[in-house]
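Heads up: the protein sequence lines correspond to chains G and C, in order.
What the first sequence shows, in this note's numbering, is residues 2 to 294, in sequence order.
What the second sequence shows, in this note's numbering, is residues -19 to 250, in sequence order.
Because the hints were derived from the structure by calculation, they are not lab data.
Hints may be right or wrong, so weigh each one.
Output of the computed footprint for chain G on chain C, the stretches with three or more beta carbons under 8 angstroms from beta carbons of chain G [to be verified]:
#: 1; stretch: 48 to 60
#: 2; stretch: 161 to 174
#: 3; stretch: 223 to 232
Some chain C residues flagged as far from chain G (calculated, every beta-carbon gap over 10 angstroms) [said to hold, decoys possible]:
#: 4; residue: Ala(-15)
#: 5; residue: Thr134
#: 6; residue: Gln236
#: 7; residue: Thr244
Here a beta-carbon is modelled for each residue, glycine too, at the ideal position from N, C-alpha and C.
Here is what each chain is made of, one letter per residue.
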Amino acid sequence: MSTVATASDPTRHFFQPVIVCLTVASVALTLFVIWISLHDLSLMRAGREKFVGLDNYIRFLGDPRAMAALWRTVLFTTLATVIEIALGLAVVLFLDRNFAMKRLVRTLLLVPIIMTPVVVGLTWRFLFDSATGMANYLLSLVGIAQVDWLGSPRIALFAVLIADIWQWTPFVILLVMAALESAPTDPLNAARVDGAREWQVTWYVLLPMLRRALAIVALIRAIDSIKAFDLFYIMTRGGPALSTETLNYYGYIVAFTNFDISYSLAIAIILTIFTNVALLTMYSVLFPKTGDR
Amino acid sequence: MARRALFCVGLLLLLLAVLFPLYWVVVTSFKTTRDAFAIPPVWLFSPTLDNYRTVFANRGFLSAFANSFIISILSSALAVAIGSIAAYGLAQQPAELRRSKEKFILSLRIAPALLFVIPMYYLATRIGALNKHWLLIAAYAFVNVPFAISLLITFFDDIPKELRDAARVDGAREFRVFWHVYLPAARGGIVATLILCVLFTWNEFFVALVLTGRDTQTLPVSITSFLTFQGIQWGALTAAATLIMLPMIVLGVLVQGQIVRGMTLGSVKG
């Protein structure tokens, strides 16, 4: 950082217009969204909306469908994040050695990440087909009765969860693997020389070094799971019996099936606030010491 | 020796779990309907191209392919053009100022897409833009610009400051430095950013679902038309799915080193 920018620094002209545009666009959008959420704007009768104050927000609190969707979002996000991190970390530790095809394995792990999410949803819907799907066939081989993966309200959410885990655990693996490879090996060897057992080295030396990478990837996965939409739309459409309807999905239904865009935006605002609170909490738990480590 | 065997078995299981779903979809796309639904599953079969014929006979699918192509290329090019200019400026700023701008840029990505898609949809219906390509190109450029800026900054940072200082001493104006020094030096990074933007746009579903009309449907939206009320045409569907993801897997392997870097920036940065 040898360059010192002064007020007349011409490099400012390179980014300021873009930053100003983005700022203006996001402020205008935010104000517009808040304005809409305080009215009763419906796509069915645009132009005849009236001011309703906080009615849409109060309605949310008394809306059992929204509350159930919120709870489901929390459940899905927690499970997806925890399982993906745990599974990903386990695979990273398992692969932590030199072997011939490591580069190839890395490339293959990219495939789920770059696969079109809609196609991932279709793939798993195909595998989970109750009559002809692969999942039930494999279960039948080991003598387990058929499962109605996407048709049972008690199981469908977990079927979507499995698809999400399949697509995003490789992302956790690759990111943590990169962190592991850039970590210094001296502390590990020092611990081994001091007579620590392999699990002690992993638990007391390696994991603390990976903490930052794990925390970042956990935040990323949490944000994305809260906003998950594609898999739900393709695999279950929120069904059966609303059993897989997350808050984001419910917001979509309210806007584009009921055309009640004011209520939908109120839901989106609540979801945003909720996300931010959750992230800040997670952040302060994951980075306790003033955030720099 | 036993440990080594155990490791190989574990590795094999991992790769199987990762690749089997993909393999099964691709293989099914070459099966006849009877083979596709045989229980127990058929592992060896005589392949057929019937499903691909069905897909290519589907006008909607072909125009969706063209739409996806045009929209993702143009919006990504736009985003990278705007993003590289802004990133050049930001890369020259002191760390503090940069940090605050970068934080702002990243905060734009936390909000759910509903928040900006609904107002956009509403405005588009009022001005009759719902069936226009430029609406989607603009929407995706808006989404991709912050991402392009944050990724490009990291590439511009890799360029030694001496290059810029030398050019400045020779009397080059900032824009010349940007154009003749930075752009060529960061060529690889710019291409990678462009490819990642194309990848995201091509794969994106939610924005497209809301903002596309009959003439502007992109592939992910168009493929849902195979999920009809009469039942799912799995044969055609798997063929279409293969066609959609194949170009992205090729592109993805080309920029594999940058994907995790890009996707990390895509959401938050530590």
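These are the hints, each one checked on the structure:
For the stretch 48 to 60 of chain C, the assignment as covered by chain G is violated, since 0 residues bring a beta-carbon within under 8 angstroms of that chain's beta-carbons and 3 are needed. With 0 residues having a Cβ less than 8 angstroms from any Cβ of chain G, the stretch 161 to 174 of chain C misses the three-residue criterion, and the hint is violated. For the stretch 223 to 232 of chain C, the stated coverage by chain G is satisfied: 6 residues place a CB nearer than 8 angstroms to a CB of that chain, which reaches the threshold of 3. Against chain G, the non-interface label of Ala(-15) of chain C holds: every CB pair exceeds 10 angstroms, the least being about 13 angstroms.
Its beta-carbon lying about 14 angstroms from the closest one in chain G, Thr134 of chain C satisfies the requirement of being farther than 10 angstroms from that chain. For Gln236 of chain C, the non-interface assignment is contradicted: its Cβ lies about 6 angstroms from the closest Cβ of chain G, within the 10 angstroms cut-off. At the 10 angstroms boundary, the C-beta of Thr244 of chain C falls inside the reach of chain G, the nearest C-beta of that chain being 6 angstroms off.
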